[in-house]
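As you go down the protein sequences, you meet chains W and X in turn.
Residues 1 to 268 in the numbering used here are what the first sequence spells out, letter by letter.
Residues 1001 to 1446 in the numbering used here are what the second sequence spells out, letter by letter.
Don't take every hint at face value.
[Stated by the list, open to error] PhoX-like mimics (lysine-lysine), calculated; alpha carbons at most 20 Å apart, straight line:
1) Lys1201/X to Lys1189/X
2) Lys1185/X to Lys1404/X
3) Lys227/W to Lys1095/X
4) Lys202/W to Lys254/W
5) Lys220/W to Lys1167/X
6) Lys1095/X to Lys1049/X
7) Lys1095/X to Lys209/W
8) Lys227/W to Lys1134/X
9) Lys1183/X to Lys1415/X
10) Lys1055/X to Lys1095/X
11) Lys1082/X to Lys1113/X
12) Lys1308/X to Lys1339/X
These aren't lab readings, by the way, just hints derived from the structure by calculation.
Single-letter residue listing:
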Amino acid sequence: MIRNIIISSTFHLVIILITAMSLPFLAKKPIDLPPIISVELIQITEKTNIPFAPKAKKIIEKVKEKEKLLSEQAPPKVVKKEKPDSIPLPEEKIQKVEKLEDKKQNPEKIDNEVKQVSEFEKDELFDPNNIAALIDKSKEDFGETTNKTDKVSQDRDKTVNNIGLSLSEEDALKAQIFGCWSIPLGLPYNENLLVRIKLKLKPDGSVIKSEILDHARMNKPGQGFYKVLAESALRAIQLCQPLRVPTTGYERWKDLQLNFDAREMLEG
Amino acid sequence: MFLRYILILFLLIPFNSFALIEVDITRGNLNPLPIAVSPLSLDSDSKSKLKTILKKDDIGAQISIVVENNLKKSGLFNPLNKDSFLQKPDIAHFKPRFEDWALIKAQALITGKVTFSDEKLRVEFRLWDVLAAKEIMALAFTTVPSNWRRVGHIITDKIYERLTGEKGYFDTRIIYVSEEGPKIKRIKKLAIMDQDGFNTKYLTLGNELVLTPRFNPTNQMVTYLSYFRNLPRVYLLDIETGIQEVVGDFPGMTFAPRFSPDGKKIIMSFAKDGNSDIYTMELENRIVERITNHPSIDTSPSYSPDGKYICFNSDRSGYQQIYIMKSDGSNVKRISFGKGLYGTPVWSPRGDLIAFTKLHKGKFYIGVMRTNGKGERLLTENFYQEAPSWSPNGRVLIFYRETKTDDKGEGFSAKLWSIDLTGYNERLVNTETDASDPSWSSLLSD
Chain W
1 MIRNIIISST
11 FHLVIILITA
21 MSLPFLAKKP
31 IDLPPIISVE
41 LIQITEKTNI
51 PFAPKAKKII
61 EKVKEKEKLL
71 SEQAPPKVVK
81 KEKPDSIPLP
91 EEKIQKVEKL
101 EDKKQNPEKI
111 DNEVKQVSEF
121 EKDELFDPNN
131 IAALIDKSKE
141 DFGETTNKTD
151 KVSQDRDKTV
161 NNIGLSLSEE
171 DALKAQIFGC
181 WSIPLGLPYN
191 ENLLVRIKLK
201 LKPDGSVIKS
211 EILDHARMNK
221 PGQGFYKVLA
231 ESALRAIQLC
241 QPLRVPTTGY
251 ERWKDLQLNF
261 DAREMLEG
Chain X
1001 MFLRYILILF
1011 LLIPFNSFAL
1021 IEVDITRGNL
1031 NPLPIAVSPL
1041 SLDSDSKSKL
1051 KTILKKDDIG
1061 AQISIVVENN
1071 LKKSGLFNPL
1081 NKDSFLQKPD
1091 IAHFKPRFED
1101 WALIKAQALI
1111 TGKVTFSDEK
1121 LRVEFRLWDV
1131 LAAKEIMALA
1141 FTTVPSNWRR
1151 VGHIITDKIY
1161 ERLTGEKGYF
1171 DTRIIYVSEE
1181 GPKIKRIKKL
1191 AIMDQDGFNT
1201 KYLTLGNELV
1211 LTPRFNPTNQ
1221 MVTYLSYFRN
1231 LPRVYLLDIE
1241 TGIQEVVGDF
1251 PGMTFAPRFS
1261 PDGKKIIMSF
1271 AKDGNSDIYT
1281 MELENRIVER
1291 ITNHPSIDTS
1301 PSYSPDGKYI
1311 CFNSDRSGYQ
1321 QIYIMKSDGS
1331 NVKRISFGKG
1341 LYGTPVWSPR
1351 GDLIAFTKLH
1361 KGKFYIGVMR
1371 TNGKGERLLT
1381 ENFYQEAPSW
1391 SPNGRVLIFY
1401 RETKTDDKGE
1411 GFSAKLWSID
1421 LTGYNERLVN
1431 TETDASDPSW
1441 SSLLSD
């Protein structure tokens, strides 16, 4: 009986501890976030205000041309990224914090695993990559990619990685691909019409490698339409190259997954 | 024990997820796919021989025009102007320079070659994905030279299927009622033509009024309503032999015939004393079976593609509405509940939808609904239109539309129209005369 009470109370204590530890951690993010979004909204909303694809192809094309010009004028270079001071980044705040930490820890000499237990994460008392590896193999993959990214540059920030693309960045990319993707109209609308494509991108947004994630489905009987759908998605990516990616934070989006789903369009 | 707690603790702690950035693309454009249809190349020897046989200068170019027109009418493709093509047909067929085709914004390219040997026409074609720079299909057909238009249709079907993911509907025919003369004295004949309006043939002379022709599944037989000796009855016509016969020995008027999906039965309405019910007749042994038995008007029956259900319209609720039942007449269920009158239900070849004509506040609509009556969508509205018929792939509906007669009794016309299931791409279908009551065949080459 007493044993059970002990177990129960330990368990409850653990949960309370977890909540106490994790909640402040969660609360951190939104505090850091707003400046990033607000800065970029001003720049990109003009482009994202485009009425949706079918009726606004012309506008999208115009925007596309502008986009091309932009990238020609200022091609983002990897070298620049190694000297973060020279780029006026919207994520400046976060990066400054990160840089300080990096200096403290002498990041060049520290290998990846040690680097994970940075001061920034100390209060969490564990190595997320190792836990991830225990639970999910896919997390291991990411561990590898982060390892590689270290070689390219040091200004990587874990919180930035978590954020993904900001809403306006995502909108810009979406709007571009909406314009490029001709949905094959013959698709059966009561089937699963999701094609997931994993991309490896260059800093200028051009595609190094594209891979269909559910490749096996293509050759299944009765799924002939899936091949058609997947091909149309690949055509859209080819046509849209270089993709309208953010000018900064290459490490965040160098690996990108696009989920093409035709269902909404065909049903509506 | 302690270790176990630690493990649980680790599992429960929320940690930073290192997920790959995912972007959902839920919209695209429904713009037609830009496609380049290069004229099929033709060597000079075959060219001169084919010219004497077919009286056409360049049959390679002619076939490519058939393909191009088919693709254009489908509304899903945008064939590019041939003047902008940079590569010659013969070289393009051998190995296209993809940069040249990408330059004119083509996403797909069709090339081909026509040869004439042993009195046979051989047509080969290739379909290329310009952006991926690879061949995605190559086929060849051999046939008699006079069949060249059909080859164009078959090629279109193959391309359509490869690029859209569903079967095409181009190598098909349409049977309809050809109409001529003033409205009060219309001459009506059965006519049959290719889906693109060519090769029209007339099957009856126009002495009697004919209505509602329908193909059987093999497209060899037609069932229709004829007013022979002023008695409206369902007839059966063999297209090859021209032989006609009355269907069944009913003591009265029979109408609204249609074949069952296996082609073994004809389902129709039989009217007596102001009450009409639905009957079937087996063609082999002439056995007649009564399907509905209700003191209301039950008509326009149409089988589901698996033959298990029948949809029809009935005024048993007081107004004409659409019902479905099992093929033996049991489990009658009303499915249309909208305002207005519903008629001419036709089950889609895919099985998921029922097309219908709706009359509401003096306007006629062609629409579709799911087989449970939900999801009603009206595709087109007009002064007078009715009798939808499905393309064999269930993507397009063909129907007819009449215009209003003016005060002098003139200006009346009846034309065939087609419209996509999406409600877009409404097109006038070319016919030699005025036309009504169209019925689409299944794929001839399937």
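Practice task
Against the earlier hints, flag every one the structure doesn't satisfy and list their numbers going up.
Solution key: Of the numbered hints given earlier, those the structure breaks are 3, 6, 7, 10, 12, listed in rising order.
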